[in-house]
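Protein chains in written order, with my numbering: chain A, 4 to 648; chain B, 453 to 571; chain C, 89 to 167.
Do not rely on the hints blindly, as some may be mistaken.
[What the hints assert, rightly or not] Over the 12 Å line for every Cβ pair with chain A, so calculated as not near, a few chain C residues:
id, residue
1, Arg102
2, Ile125
3, Lys151
4, Asn154
5, Gln156
6, Val164
[Claimed, not checked] Taking lysine-lysine pairs in the DSSO-like style, the calculated list, with each CA pair at most 30 Å apart, reads:
id, chain 1, residue 1, chain 2, residue 2
7, C, Lys120, A, Lys235
8, C, Lys113, A, Lys235
9, A, Lys161, B, Lys517
Simulated from the structure, these hints should not be mistaken for lab results. Glycine included, C-beta positions come from ideal geometry on N, C-alpha and C.
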Amino acid sequence: MTDRFTGSNGLAGTTLRINLTTGEIKRYPTDEKLMREWFGGRGVVAKILYDEVPRDADPLGPENLFIISAGVMSGCFIPAGAKIGFGSVSPLTNGHGDSNMGGHLGPTLKFAGYDLVIMSGISPKPVYLFIDDDKVELRDASQYWGMGSLECEPAMKKDLGEDFEIATIGPAGENGIRFSCITHDYGRQAGRTGQGAVMGSKKLKAIAVRGTGGINVHDLNKLTEQVTAIIKRTQTHPNMAPWQKYGTAFFIEWSNDNAVIPTRNFQTTYFEDIKGISGDALVEKCLITHKACFGCWMNCGKYTKAVLPGKETVYLEGPEYETGALCGSNLGMTDINQVAYLNWLMDNVGMDTMSGGGVVAFAMECFQRGLITTDHLEGHTLNWGSVEDAEHFIDMVVHRRGIGEYFSGGTKRAAEKIGRGSEKFAMQVKGQEMSGYDGRYAPGMLLSYMTCDIGAHHNRSWTITVDMAEGRDKVEGRAKVVVYLQHIRPLFDCWCICRLFWGELDIEPEEIVESLNHITGWNIDAAEAFKTSEKIWNLVRCHYLERNKANGRTFDYPPARSWEDKIPTGPSAGKGLTKEQIETMLDEYYACRGWDNDGNPSREVLHDLKLDFAADNIEKIGLLGKPLANGIPAVRGERYKPKAF
Amino acid sequence: MQICAIGHYQETNPKKAALKIEAHFPQPGVYKPKVCTQCGKCMEICPEGAIYRRDDGAYIVLIEKCTNCGECIPVCKPGVVFQHRDLQHVIICDNCFKCTELCNTGAITVHTRLVKESK
Amino acid sequence: MTVFIRAGGQLRVRLKPDVDHYTRKVEVDGEKTIGEILKDISLDPAYVALIHVDGKIKDLAFKPSNGQTITLQPPVSGG
């Protein structure tokens with residue numbers, strides 16, 4: 004039996020460092036201090052990437068790291084303790100990238116004995132990471148290379164055993180499509196920031212883990228008592244039943260009614276055919292079974308089938324809200340089976356359905372406007388609402404054929420190649436495509452996209468109901484809400500538990516921190532948790548500035564459609580923001596954060612967060628924020644409770 | 453499965469639970485929980501007499517007598533007799549019902565039935 | 089007649105529960121739609137993503153009967 008470091012206090016005990024170029028695998032005891040100071044998951048990924056990846060490293064090159072972090076709470080007896088985090092310098096945004104995933108892989112990695120796996124280099128041939136408790140190997144993956152993710156997983160389970168948890172990339176990741184995802188458990192993804200492309204660049208096809216160990220926690224009795232009470236309380240919560248029945252798809256119609264659903268590449272925010280792609284339609288026409296992640300009974304996963312004339316029936320998990328919006332109304336699809344089919348297609352090729360939906364929509368608008376023609380599309384059209392057109396185009400992108408090459412890097416790079424004003428409607432920030440909400444009449448949501456560390460993603464901050472409560476025409480006061488949410492929401496990605504469970508069922512942050520303390524014995528409070536999250540946020544910002552070498556403000560703007568195009572149709576017709584309002588929101592945001600008006604962190608804030616080393620680094624390249632005229636802003640630490648919550 | 457392992461072994465480790473959930477994917481796409489049905493076949497086959505039937509109908513492993521030979525495993529129709537590398541005995545459900553208390557969908561429930569007392 | 093309205097998450101604070109942590113009892117004059125009842129208690133239906141009555145989805149035009157429980161679901165704060 005090889006060395007196995009037994010963990011405690013929520014940690015499994017072992018960290019693996021794997022050099023894919025040489026095949027060397029080293030084991031170390033997990034650094035508890037690192038986990039304590041950076042909270043695991045996204046936090047520890049941020050620190051390791053900052054410390055170890057050279058600032059000029061190609062994200063798809065050997066110097067980039069690919070990190071797997073199971074987090075301190077994952078696998079412990081807590082609701083929704085299911086997540087696993089992946090991280091690397093993102094090939095989409097050229098900054099810190101992290102993406103997390105539910106299912107069962109995170110807990111299983113910890114049951115096998117591992118908290119963290121850090122991979123460098125590039126394998127000379129396709130491999131997969133095989134972990135069976137103490138046994139860790141890089142195994143030949145040539146028989147799986149080229150397979151779709153949804154085909155590869157059952158093939159590997161057949162070869163290795165049903166009790167292995169498998170995560171794979173598809174041909175999109177293998178071919179370096181910058182918005183490729185990682186897929187697990189027949190339909191859970193780590194979708195954003197192109198983690199699948201980084202795996203593919205390293206010739207890493209899959210991860211297969213079996214674990215039979217346990218996780219030691221600090222106080223199991225107190226944890227069990229607290230969690231059992233939470234379980235019983237939430238079983239009868241009013242939000243539980245609709246969640247269990249529809250997952251997140253139930254509010255597709257709400258988004259439409261409130262005119263925030265992206266429609267035909269965010270050209271408008273209201274889709275006339277919403278009934279055909281609603282949560283009801285999903286349950287009535289496609290549902291096979293409800294699916295849960297480890298330790299979660301919201302079972303928001305919906306395992307479904309897509310049935311389209313002339314096509315083989317396909318099986319998938321989804322579409323959940325984001326895919327429903329971005330591959331539904333955003334592509335002009337009117338039937339849930341169409342959306343489900345595209346969901347399956349993108350899952351199988353290994354493409355993030357959010358960026359994928361955004362890229363296809365952008366291409367469809369380019370076709371609509373004559374910027375690309377059938378000559379570019381191998382004789383095909385690319386019309387709204389056509390599954391066949393979308394499928395052919397996706398194939399061109401995955402295999403980088405012809406104009407598919409332009410789109411393989413996301414909408415920002417595609418727009419740079421196509422030009423002719425297309426940059427205006429490449430709906431992305433920092434290179435990552437927007438989530439399924441249009442922010443033109445939801446200013447806090449737009450600000451959330453603009454200032455999100457990984458591009459236009461809603462995971463860090465979602466403010467639509469705040470915008471409704473505070474006034475959708477008003478931008479003042481929105482920034483402090485966004486800052487608060489950007490501190491609390493990413494904590495779940497550090498601890499590797501699911502925000503949806505803990506955030507939607509009236510569980511207070513103090514209760515979550517109590518669970519954390521029962522698991523780890525850290526004895527922290529909510530204030531310290533928020534401050535650590537703020538520290539991670541600022542480190543990631545510094546990393547971004549160091550890699551991209553310009554004032555932060557440069558990268559914090561949405562595409563020009565956001566202020567040039569008023570919403571043309573639907574309940575919010577005529578509404579929209581001005582450029583001045585967008586500038587006002589940014590000014591306010593930076594002031595809340597203690598950054599200067601160029602969007603660069605000040606030394607005062609970085610010092611307060613014990614990030615002096617990062618302050619020194621950005622100072623060297625002339626990007627340290629100017630001294631704060633009024634000191635560190637009090638609002639920075641404020642626990643803002645929006646009225647709508 | 454977590455509460456089962458915690459209740460019996462004070463450990464968060466689903467591999468020490470006395471039930472399992474079979475996942476049948478990609479098709480037909482269903483989960484099948486497998487639990488002890490108290491059929492008694494494990495007790496019948498045990499060569500060491502290390503399994504006895506308690507008054508309430510549960511089959512209990514006498515840890516000191518069990519040699520972990522595993523003869524009871526193939527005769528268990530639902531496949532819920534388990535071994536674990538940390539243990540020197542098999543794991544068999546003892547009807548504590550904690551799993552039924554936490555199961556939110558009603559997939560696992562308690563059904564009472566009349567049992568004859570074993571003599 | 090009397091109806092009960094249940095809500096959690098974002099809606100709970102706006103509902104002002106008075107029966108238990110999630111539930112408010114509302115006395116209704118005559119026959120009214122859910123939309124009218126919500127207006128009477130100053131709960132903006134814009135925050136309601138789904139309405140459930142006896143396990144079935146209803147809309148704001150539905151008229152509940154005496155004693156029924158109307159469950160209101162807010163939107164997910166980012167799915």
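Now the hints, each set against the structure:
Distance to chain A contradicts Arg102 of chain C as a non-interface residue, since its nearest Cβ pair spans about 8 Å, not more than 12 Å. For Ile125 of chain C, the non-interface assignment is confirmed: its Cβ lies about 16 Å from the closest Cβ of chain A, beyond the 12 Å cut-off. Distance to chain A confirms Lys151 of chain C as a non-interface residue, since its nearest Cβ pair spans about 21 Å, more than 12 Å. With a least beta-carbon separation of about 20 Å from chain A, Asn154 of chain C lies farther than 12 Å from that chain, consistent with its non-interface assignment.
The claim that Gln156 of chain C is not at the interface with chain A holds, since no C-beta of that chain comes within 12 Å of its own (minimum 14 Å). Against chain A, the non-interface label of Val164 of chain C is violated: not every CB pair exceeds 12 Å, the least being about 5 Å. A threshold of 30 Å between alpha carbons decides the hint, and for Lys120 of chain C with Lys235 of chain A the separation of about 34 Å lies outside it, so the pair is violated. The suggested pairing of Lys113 of chain C with Lys235 of chain A holds, with an alpha-carbon distance near 23 Å, which does not exceed 30 Å.
Proximity of Lys161 of chain A to Lys517 of chain B is assessed by CA-CA distance (about 36 Å); at most 30 Å being required, the pair is judged violated.
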